[in-house]
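Visitor: Sequence:
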Amino acid sequence: MNKKDISLNSLEPLIKQIGELTKIQRIIICCAVVALIVGGFVYFLYMPKYEDINKLNKDIATQEEKLNSTKRSAAQYADFQKKLENAQAKFNVVARALPLKDEVPALLTGISQAGKDSGLSFLLFKPEKEVMKEFYAELPVTMNLSGTYHDLGTFFDALAGMSRIVNVKKFDMQIAKGSDLKIACTAETYKFVEPKPETADAGKGKKK
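Under the numbering used here, the first residue of the sequence shown carries the number 129, and numbering increases by one thereafter.
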């Protein structure tokens, strides 16, 4: 007797038992076998792939969030750069209207000359102490003038037309004899001040 006959003989009781089962029992056994095969396939083949897919999806979502964050940062940087350029352009316009240190005497002379050309008489022309601001200094000039309404209007118009900024403040006017007026006012102009880098170094030296 060969091995094939032995194996068939050993299977005969099992085949006989299966043959004695009802149709429903055989269907249940078939379903159970199919379920085991499908379950094994899912557990050993599909589940690892499913976990890898989930991990890749999470990685993709993370990278997309980083990409969106980078895009937002780039957009904010471009907006900030544009605002900085606009601010720099405005600063350049204002800076051109502020005289440098060596231009101040000529500016004061120009203000005085504008008053004289307008027909006003200077009773007082006194530059006051500078008032320092962030990047500029205020240069107030106390003036006492004498002249007519027309002369005063011409003078103010000349100040408004100057290439440098000149504001008139603390204005007081009194009527004198005839048509003349006595005017007391402060003309305020501005000087551009270059930042001093050595100030920061000096502060560091003090900390040491």
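Warning: the hint list may mix true and false statements.
Pairs of lysine-lysine residues, derived as BS3-like cross-links and limited to a Cα-Cα distance of at most 27 Å, are as follows [unchecked claim]:
id, residue 1, residue 2
1, 244, 254
2, 305, 254
3, 194, 183
4, 244, 305
5, 210, 194
6, 297, 310
7, 199, 186
8, 257, 244
9, 319, 244
10, 305, 261
11, 319, 261
12, 199, 183
13, 310, 244
14, 210, 199
15, 210, 244
16, 310, 257
17, 244, 261
18, 310, 261
19, 211, 244
20, 254, 297
21, 305, 319
22, 310, 298
23, 257, 298
24, 254, 211
25, 297, 211
26, 244, 297
27, 254, 210
28, 254, 319
29, 254, 199
30, 257, 297
31, 319, 257
32, 177, 194
33, 199, 177
Worth flagging that the hints you see were computed from the coordinates, not collected in a lab.
Visitor: Hints first: check each against the structure and report whether it holds.
Guide: So, going through the hints one by one against the coordinates:
no., hint, in the structure
1, 244 with 254, "holds, 15 Å"
2, 305 with 254, "holds, 25 Å"
3, 194 with 183, "holds, 17 Å"
4, 244 with 305, "holds, 20 Å"
5, 210 with 194, "holds, 24 Å"
6, 297 with 310, "holds, 15 Å"
7, 199 with 186, "holds, 20 Å"
8, 257 with 244, "holds, 24 Å"
9, 319 with 244, "holds, 23 Å"
10, 305 with 261, "violated, 41 Å"
11, 319 with 261, "holds, 10 Å"
12, 199 with 183, "holds, 24 Å"
13, 310 with 244, "holds, 15 Å"
14, 210 with 199, "holds, 16 Å"
15, 210 with 244, "violated, 46 Å"
16, 310 with 257, "holds, 24 Å"
17, 244 with 261, "violated, 31 Å"
18, 310 with 261, "violated, 32 Å"
19, 211 with 244, "violated, 44 Å"
20, 254 with 297, "holds, 14 Å"
21, 305 with 319, "violated, 38 Å"
22, 310 with 298, "holds, 14 Å"
23, 257 with 298, "holds, 16 Å"
24, 254 with 211, "violated, 41 Å"
25, 297 with 211, "violated, 33 Å"
26, 244 with 297, "holds, 19 Å"
27, 254 with 210, "violated, 43 Å"
28, 254 with 319, "holds, 17 Å"
29, 254 with 199, "violated, 58 Å"
30, 257 with 297, "holds, 16 Å"
31, 319 with 257, "holds, 12 Å"
32, 177 with 194, "holds, 26 Å"
33, 199 with 177, "violated, 32 Å"
The structure does not agree with the numbered hints 10, 15, 17, 18, 19, 21, 24, 25, 27, 29, 33 stated previously, though it agrees with the rest.
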